[in-house]
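Asker: Chain by chain, the residues run as shown.
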Amino acid sequence: MVSAADFGDYETAWCPGCGNFAILDAVKAALVKKQLQPHEVLFVSGIGQAAKAPLYLNANVFDGLHGRSLPVATGAKLVKPGLTVIVESGDGCNYGEGGNHFLAAIRRNPDITVLVHDNQVYGLTKGQASPTSQEGFVTKAQPDGVQAEPFNPIAVAVAMRAGFVARGFSGMADHLADLIVQAMDHEGFSLVDILHPCVSFNRVNTFAWYKKRCYALGDDHDPTDWSAAVTRAQEWGDRIPLGVIYRNDRPAFGKRFPPAVERSEIPKRVEACLTAYL
Amino acid sequence: MAKHLNIVIGGDAGQGLVTLGSLLAKGLVRSGYSIVVIQSYQSRIRGGHNTFTIRVSDGEIVAPQEPVDILVALNAETIRLHEAELSGHGVIVADAALAAEAGGAEFLAVPFSELGSKRVANVVALGVTASLVGLHHDRVSQTLADFFGKKHPEATEENQQALEKAFAWLSEQSVSMEKLPAVDDPPRRMMMNGNEAIALGALSAGLRFCSFYPMTPATSINLGVISHAKQMGVIVEQAEDEIAAINMALGASFAGAPSMVATSGGGFALMAEAVSLAGQTETPIVVVVAQRPGPATGLPTRTEQGDLEFVLHAGHGEFPRAILAPGTVEECFHLTRKAFELAEKYQSPVFVLTDQFLADSYRAVTPFDAANLEPVRPGADLSEASLPYRRFALTKNGVSPRLIPGATEHLVVADSDEHTEDGRLTEDLAVRRQMVDKRLRKHEGLRADTVAPDWAGDAGPEILLVSWGSTKGSVSEAASTLRPRGQRVATLHFSQVWPLVPEHFLRYFEDAERVVSVEGNALGQFARLIRRETGFEIRSQVRRYDGLPITPEYILEALDGQER
Numbered sequence: 000m001v002s003a004a005d006f007g008d009y010e011t012a013w014c015p016g017c018g019n020f021a022i023l024d025a026v027k028a029a030l031v032k033k034q035l036q037p038h039e040v041l042f043v044s045g046i047g048q049a050a051k052a053p054l055y056l057n058a059n060v061f062d063g064l065h066g067r068s069l070p071v072a073t074g075a076k077l078v079k080p081g082l083t084v085i086v087e088s089g090d091g092c093n094y095g096e097g098g099n100h101f102l103a104a105i106r107r108n109p110d111i112t113v114l115v116h117d118n119q120v121y122g123l124t125k126g127q128a129s130p131t132s133q134e135g136f137v138t139k140a141q142p143d144g145v146q147a148e149p150f151n152p153i154a155v156a157v158a159m160r161a162g163f164v165a166r167g168f169s170g171m172a173d174h175l176a177d178l179i180v181q182a183m184d185h186e187g188f189s190l191v192d193i194l195h196p197c198v199s200f201n202r203v204n205t206f207a208w209y210k211k212r213c214y215a216l217g218d219d220h221d222p223t224d225w226s227a228a229v230t231r232a233q234e235w236g237d238r239i240p241l242g243v244i245y246r247n248d249r250p251a252f253g254k255r256f257p258p259a260v261e262r263s264e265i266p267k268r269v270e271a272c273l274t275a276y277l
Numbered sequence: 000m001a002k003h004l005n006i007v008i009g010g011d012a013g014q015g016l017v018t019l020g021s022l023l024a025k026g027l028v029r030s031g032y033s034i035v036v037i038q039s040y041q042s043r044i045r046g047g048h049n050t051f052t053i054r055v056s057d058g059e060i061v062a063p064q065e066p067v068d069i070l071v072a073l074n075a076e077t078i079r080l081h082e083a084e085l086s087g088h089g090v091i092v093a094d095a096a097l098a099a100e101a102g103g104a105e106f107l108a109v110p111f112s113e114l115g116s117k118r119v120a121n122v123v124a125l126g127v128t129a130s131l132v133g134l135h136h137d138r139v140s141q142t143l144a145d146f147f148g149k150k151h152p153e154a155t156e157e158n159q160q161a162l163e164k165a166f167a168w169l170s171e172q173s174v175s176m177e178k179l180p181a182v183d184d185p186p187r188r189m190m191m192n193g194n195e196a197i198a199l200g201a202l203s204a205g206l207r208f209c210s211f212y213p214m215t216p217a218t219s220i221n222l223g224v225i226s227h228a229k230q231m232g233v234i235v236e237q238a239e240d241e242i243a244a245i246n247m248a249l250g251a252s253f254a255g256a257p258s259m260v261a262t263s264g265g266g267f268a269l270m271a272e273a274v275s276l277a278g279q280t281e282t283p284i285v286v287v288v289a290q291r292p293g294p295a296t297g298l299p300t301r302t303e304q305g306d307l308e309f310v311l312h313a314g315h316g317e318f319p320r321a322i323l324a325p326g327t328v329e330e331c332f333h334l335t336r337k338a339f340e341l342a343e344k345y346q347s348p349v350f351v352l353t354d355q356f357l358a359d360s361y362r363a364v365t366p367f368d369a370a371n372l373e374p375v376r377p378g379a380d381l382s383e384a385s386l387p388y389r390r391f392a393l394t395k396n397g398v399s400p401r402l403i404p405g406a407t408e409h410l411v412v413a414d415s416d417e418h419t420e421d422g423r424l425t426e427d428l429a430v431r432r433q434m435v436d437k438r439l440r441k442h443e444g445l446r447a448d449t450v451a452p453d454w455a456g457d458a459g460p461e462i463l464l465v466s467w468g469s470t471k472g473s474v475s476e477a478a479s480t481l482r483p484r485g486q487r488v489a490t491l492h493f494s495q496v497w498p499l500v501p502e503h504f505l506r507y508f509e510d511a512e513r514v515v516s517v518e519g520n521a522l523g524q525f526a527r528l529i530r531r532e533t534g535f536e537i538r539s540q541v542r543r544y545d546g547l548p549i550t551p552e553y554i555l556e557a558l559d560g561q562e563r
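In order, the protein sequence lines correspond to chains B and P.
Residues 0 to 277 in numbering that gives the first Met the number 0 are what the first sequence spells out, letter by letter.
Residues 0 to 563 in numbering that gives the first Met the number 0 are what the second sequence spells out, letter by letter.
FYI, nobody ran anything at the bench for these hints, they're computed from the structure.
Remember, it's a predicted structure, so these values are computed and weren't measured experimentally.
All C-beta atoms in this analysis are idealised placements derived from N, C-alpha and C, irrespective of residue type, glycine included.
It is possible that some hints are incorrect.
Said to hold, decoys possible - DEER-style ranges, computed between Cβ atoms:
1) P/265 - B/262: 52 to 62 Å
2) P/393 - B/139: 36 to 46 Å
3) P/150 - B/174: 53 to 63 Å
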């Protein structure tokens with residue numbers, strides 16, 4: 000039996016009250032629920048306060064560059080399909096610096112789970128706007144307020160018919176853990192956008208702000224209904240829906256690639272290749 | 000004495016020029032001749048002026064040549080642009096209608112429309128040219144069948160008829176040009192260019208993962224891998240950009256797959272951050288940079304050796320690397336294999352620095368002994384790791400046992416942040432120092448494994464020609480031309496440009512009366528590197544940066560100029 004203790008207990012660099020603690024606990028709960036051994040899991044992260052999360056876990060970890068987790072995870076999953084591959088990083092990493100990879104990963108549909116800590120602000124660099132910051136959000140770097148519309152990851156992922164699109168909230172830990180389990184069960188690209196407060200740098204989207212607005216979708220929402228999901232993805236403001244917004248059963252990426260050749264077979268196969276040049 | 004001929008085939012893109020050139024080159028190789036090809040093309044798919052140049056000999060040749068002996072002109076522009084390059088006995092092969100364009104040169108007016116339809120005009124030109132240099136119809140016919148039989152079986156008959164008519168037509172013409180002497184028992188040789196050899200070298204080394212974003216002149220490396228991917232079990236993915244390409248390859252390598260990316264200067268610029276990531280996470284990766292002239296988009300389809308300093312310094316921070324610079328097609332194969340071995344052994348980024356000239360230059364190559372060449376073995380065995388397992392354990396040579404995640408129950412943790420021995424982020428500044436020292440200790444190993452430069456020629460020479468990468472053949476032939484003029488000449492060619500080991504070469508500099516560097520860039524980057532590493536200043540430099548390959552003639556002319 001795998002238990003939460005198998006995934007360790009590390010000292011963190013997060014502020015007291017940070018939403019990341021609850022997310023870390025939910026991730027551990029999901030791994031326990033899945034009964035995965037630490038060495039069966041590979042976490043890939045980028046840079047940011049959220050991207051440190053995998054380093055506070057016992058698992059295989061590749062903590063790479065800002066914005067580049069998705070291609071690293073895609074490469075690793077293709078050559079080691081037996082590993083459970085989880086990308087965990089923030090909104091700046093996945094939707095800003097790594098935006099092009101986000102679109103490409105949705106198109107490819109690799110069998111990886113993508114957990115995005117979305118607090119609508121940059122924490123590690125001390126409080127600049129993120130791609131999901133609301134228009135008018137004032138920071139030291141944007142003293143007159145953000146002059147761009149926020150990126151809506153759910154709407155983009157649904158529009159592109161990503162395999163699995165969900166939203167969670169750090170303040171609803173059991174619900175979040177269940178979403179992460181469902182995302183891991185899904186064969187293909189599965190996005191869980193996780194709302195959480197930044198107690199140091201986001202005085203607008205606070206815990207109370209989210210708590211007041213977030214609600215869990217009920218059985219009346221059918222996540223396999225794309226049109227319904229497109230509508231639901233636009234819902235933001237007074238009411239923010241949580242849960243599986245959309246899912247489909249597109250085949251996962253990589254099925255057309257050839258299997259590896261036994262190492263001992265390689266020399267004679269290369270020799271055969273050379274005959275094409277005679 | 001061996002006979003050389005230089006054949007230039009010129010025309011618009013879209014006229015079947017490369018097919019014609021490749022078939023002629025293959026016919027020549029199969030007939031036992033040695034070849035050196037230059038492909039010169041514009042960055043467009045139709046139109047523009049393009050040439051496919053084949054220097055051929057019954058002896059061994061290693062360099063291109065400038066004077067033209069046979070000019071196969073598929074359009075009038077080719078005559079206008081290249082007529083002046085014709086040697087004294089040069090012949091123009093072109094449609095009868097173009098005869099008026101030609102001045103005094105011997106003109107072989109081919110009645111193209113009588114010998115075949117417009118669609119097979121390039122096969123007519125092939126037949127006339129092949130017959131002109133002395134190839135046998137049956138051998139060319141077989142080459143043509145091998146080529147079209149696979150791709151376009153329906154075209155075979157028309158092509159074969161055109162070829163036959165072209166041979167028959169030429170046999171009735173009176174041509175003063177001497178044919179190539181026949182080679183008895185032609186050796187079994189492949190026709191291969193530099194990029195194909197890099198792809199095959201990677202496959203031979205056990206390549207399992209290759210991701211790329213298309214960029215000339217590197218794309219054909221990736222296409223070469225793709226052409227064998229099923230048979231060799233290689234995953235090849237076209238990424239959304241070069242940043243994704245190298246990060247994917249690093250993910251694959253971390254997970255145990257020998258991995259490679261191939262690109263050119265601009266694409267490599269996008270990869271620079273991830274090169275540093277490979278250095279920090281000690282993830283093996285082979286990066287091929289096929290140079291073309293910059294800055295920015297530069298001359299996309301031409302050649303240059305202008306990215307040496309860039310590749311040497313790309314990536315922030317300090318970490319070890321090796322840079323191999325093949326000078327021949329054979330070296331493209333063997334040094335790419337070596338790049339994989341070094342990347343694996345030292346868990347570092349290793350570069351193969353080539354250029355457009357070598358990338359596209361077909362040669363006659365003796366088949367590699369591929370059946371006896373071992374692929375790399377990625378990662379360490381658990382027995383080599385001390386427990387508890389620490390991915391970045393401090394070791395004497397700086398190399399820590401690299402386990403593959405998921406292969407054992409031990410956890411593999413790698414961090415782009417400075418990290419502890421077990422791979423976790425740290426800001427302990429004492430650990431920081433230990434980790435920098437550990438990583439840099441691998442430089443000593445890489446240095447010990449450096450390929451020594453290739454010295455040839457006369458002891459205590461009046462001139463020592465120093466070169467690196469693709470200029471190898473031209474420098475060697477330039478030296479062979481100088482010697483009969485009574486000069487004592489030696490050459491020193493580097494096929495690895497980093498790390499440099501002064502004990503390998505400094506004595507040769509000191510023994511020479513005059514040291515001359517030869518390189519394809521404007522700043523003399525390799526000469527600067529030599530000075531930085533040894534203090535030795537190479538004052539005489541032959542540099543070329545007009546986008547064309549360095550030829551023996553170019554070197555000799557530059558040397559004459561310097562002496563005056």
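Asker: Check the following: the C-beta atoms of residue 393 of chain P and residue 139 of chain B are separated by a distance inside 36 to 46 Å.
Answerer: 41 Å, holds
Asker: 53 to 63 Å was suggested as the range; check whether the CB atoms of residue 150 of chain P and residue 174 of chain B agree with it.
Answerer: At 58 Å between Cβs, range holds.
Asker: Return holds or violated for the Cβ distance of residue 265 of chain P and residue 262 of chain B against the range 52 to 62 Å.
Answerer: Cβ of residue 265 of chain P to Cβ of residue 262 of chain B: about 35 Å, so the range 52 to 62 Å is violated.
The structure fails to meet hint 1 from the earlier list, while all remaining hints are met.
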